[in-house]
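Novice: Residue numbers (this note's numbering), protein chains in the order written: chain A, 1 to 119; chain B, 1001 to 1113.
FYI, nobody ran anything at the bench for these hints, they're computed from the structure. Treat the hints with care, as some may be off.
Quick list of the computed label-pair ranges, beta carbon to beta carbon [as the list claims (entries may be wrong)]:
id	chain 1	residue 1	chain 2	residue 2	range
1	A	GLN71	B	SER1084	30 to 38 angstroms
2	B	GLY1003	A	SER26	31 to 39 angstroms
3	B	GLN1017	A	ILE118	14 to 22 angstroms
4	B	LYS1014	A	ASP54	35 to 43 angstroms
5	B	LYS1014	A	PRO40	23 to 31 angstroms
6	A	TYR61	B	LYS1057	33 to 41 angstroms
7	A	LYS69	B	LYS1057	42 to 50 angstroms
8	A	LYS69	B	GLY1040	21 to 29 angstroms
Coverage of chain A stretches by chain B, computed from C-beta distances (three or more under 8 angstroms per stretch; other residues unrestricted) [what the hints assert, rightly or not]:
id	segment
9	42 to 52
10	79 to 85
Ideal Cβ positions, reconstructed from N, Cα and C, are used throughout, including at glycine.
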Amino acid sequence: AQSVAQPEDQVNVAEGNPLTVKCTYSVSGNPYLFWYVQYPNRGLQFLLKYITGDNLVKGSYGFEAEFNKSQTSFHLKKPSALVSDSALYFCAVILPGEISNFGNEKLTFGPGTRLSIIP
Amino acid sequence: NAGVTQTPKFRVLKTGQSMTLLCAQDMNHEYMYWYRQDPGMGLRLIHYSVGEGTTAKGEVPDGYNVSRLKKQNFLLGLESAAPSQTSVYFCASSSGQVTYGYTFGSGTRLTVV
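Using the sequences and the hints, build the whole thing.
Specialist: Following this line, the structure appears as structure tokens:
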């Protein structure tokens, strides 16, 4: 069973409009949650993470994400989209069973969502 | 610039050929990872290493071998390439606290014909 899902393969947003990229997880307990972005022909770049504390986390490039435990979601948001935000976005999770004090937790990635911002 | 460097960037192999992908990091990170990226599948962990001289299997290890003889290098080997191994391969490293985030290389695009 997939631990992290991104229900939309593609999201199109007009420049200047708010954007949301959805992520849901299907594990019990409290996972650690991450968002990464991949620009064309580049490796993944870290955007933000939720470990504990405030459910709304802010990250790079004006992005933020809200952890919702009851809905098991961690949607990525931005108030006003830029054309330069066009990229492939990955949600990732550290499964509760893998959280340890040894520092060797591994990330499990979702399938990715391609975000296109239309000028 | 500090970071993760992958070589080569592109490669075409014939079925049955072998090759080694090199990952080098200059951040003194303990942990290194090899992922493959396929459309609609996200990134899947092939092998990883928690320190020099150590390796461990990830989610999809079959058909691959790895070595970590030096802390800064993590090699991924394909002994007998198959078309199913056509993919984009990414190396990543971390300081040991994954909550600090991974640093990824720019990828190797491998085609097996």
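Novice: Decide, hint by hint, whether the structure agrees.
Specialist: Hints, verified against the model:
1. A/GLN71 with B/SER1084: 30 to 38 angstroms: Holds, at about 36 angstroms.
2. B/GLY1003 with A/SER26: 31 to 39 angstroms: About 33 angstroms separates the Cβ atoms of B/GLY1003 and A/SER26, which means 31 to 39 angstroms holds.
3. B/GLN1017 with A/ILE118: 14 to 22 angstroms: violated (43 angstroms)
4. B/LYS1014 with A/ASP54: 35 to 43 angstroms: Violated - the Cβ-Cβ distance for B/LYS1014 and A/ASP54, about 53 angstroms, lies outside 35 to 43 angstroms.
5. B/LYS1014 with A/PRO40: 23 to 31 angstroms: 28 angstroms Cβ-Cβ, so the 23 to 31 angstroms window holds.
6. A/TYR61 with B/LYS1057: 33 to 41 angstroms: holds (35 angstroms)
7. A/LYS69 with B/LYS1057: 42 to 50 angstroms: Between A/LYS69 and B/LYS1057, where Cβ atoms are some 32 angstroms apart, the hint is violated.
8. A/LYS69 with B/GLY1040: 21 to 29 angstroms: For A/LYS69 and B/GLY1040 the Cβ distance comes to about 28 angstroms; the hint holds.
9. 42 to 52: holds (count 7)
10. 79 to 85: violated (count 0)
Of the numbered hints stated above, those contradicted by the structure are hints 3, 4, 7, 10, listed in ascending order.
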